Amino acid sequence: MAASAFELPLDKRDNKRSRLLLTAQMECDFGTIEVHLLNISHSGAKLDADRVPARGETVTLIHGELKVAGKVAWVEETRFGVAFDHSIDEKFLVNQGQHHLNG
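Residues in the sequence shown are numbered from 3 upward in steps of one, following my numbering.
Hint data in this document are derived by calculation from the structure and do not stem from the laboratory. Hints may be right or wrong, so weigh each one.
What the hints assert, rightly or not - Here are the in silico distance ranges between beta carbons for each label pair:
| no. | residue 1 | residue 2 | range |
| --- | --- | --- | --- |
| 1 | 18 | 53 | 27 to 33 Å |
| 2 | 29 | 80 | 17 to 23 Å |
| 3 | 32 | 91 | 17 to 23 Å |
| 4 | 52 | 18 | 25 to 31 Å |
| 5 | 18 | 56 | 25 to 31 Å |
| 6 | 27 | 85 | 16 to 22 Å |
| 7 | 68 | 18 | 16 to 22 Å |
| 8 | 91 | 52 | 24 to 30 Å |
Quick caveat: nothing in here was measured; it's all calculated off a predicted structure. No residue lacks a Cβ here, since even glycine has one placed at the ideal position from N, Cα and C.
Working from the sequences, and respecting the hints, build out all of it.
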């Protein structure tokens with residue numbers, strides 16, 4: 003059975019991904035939606051949402067002070083990946099995610 007795009011081993015990617023579970027907002031063609039960040043690197047993120055944007059769509063991820071634009075790289079059911087237009091400091095979000103998980 004072939005792995006879907008979001009199940010590729012992490013070492014196949016160019017950038018190390020940090021796993022987290024954090025709720026954020028995303029602006030896309032059909033409005034602003036709530037998304038769940040599943041993992042993130044300085045160049046992209048894996049997300050989950052009830053309604054997903056189309057592959058190739060330009061989106062903006064928003065969480066607190068972070069606002070980063072990117073393009074949807076892949077879609078698989080309710081999960082999708084976004085490649086950011088510029089690098090971010092993902093440690094900021096990872097620390098927030100750990101704070102939410104710990105208390």
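request  = Can you let me know if the beta-carbon spacing of residue 52 and residue 18 is within 25 to 31 Å?
outcome  = Given a distance of about 29 Å, which is inside 25 to 31 Å, the answer is holds.
ask   = Between residue 29 and residue 80, is the Cβ distance one that fits in 17 to 23 Å?
value = The hint (17 to 23 Å, Cβ to Cβ) holds, given that residue 29 and residue 80 are roughly 18 Å apart.
task = Starting from the hint 24 to 30 Å, judge whether the C-beta atoms of residue 91 and residue 52 obey it.
result = holds, 28 Å
query = If you check the beta carbons of residue 27 and residue 85, does the distance land in 16 to 22 Å?
reply = Given a distance of about 18 Å, which is inside 16 to 22 Å, the answer is holds.
ask   = Measuring from beta carbon to beta carbon, are residue 68 and residue 18 in 16 to 22 Å?
value = holds, 19 Å
request  = Determine whether the Cβ-Cβ distance between residue 18 and residue 53 falls within the hinted range of 27 to 33 Å.
outcome  = holds, 29 Å
request  = Kindly confirm whether 17 to 23 Å is satisfied by the beta carbon distance between residue 32 and residue 91.
outcome  = violated, 29 Å
query = Taking the CB of residue 18 and the CB of residue 56, does the distance hold inside 25 to 31 Å?
reply = holds, 28 Å
Hint compliance for this structure: hint 3 is the single one not met.
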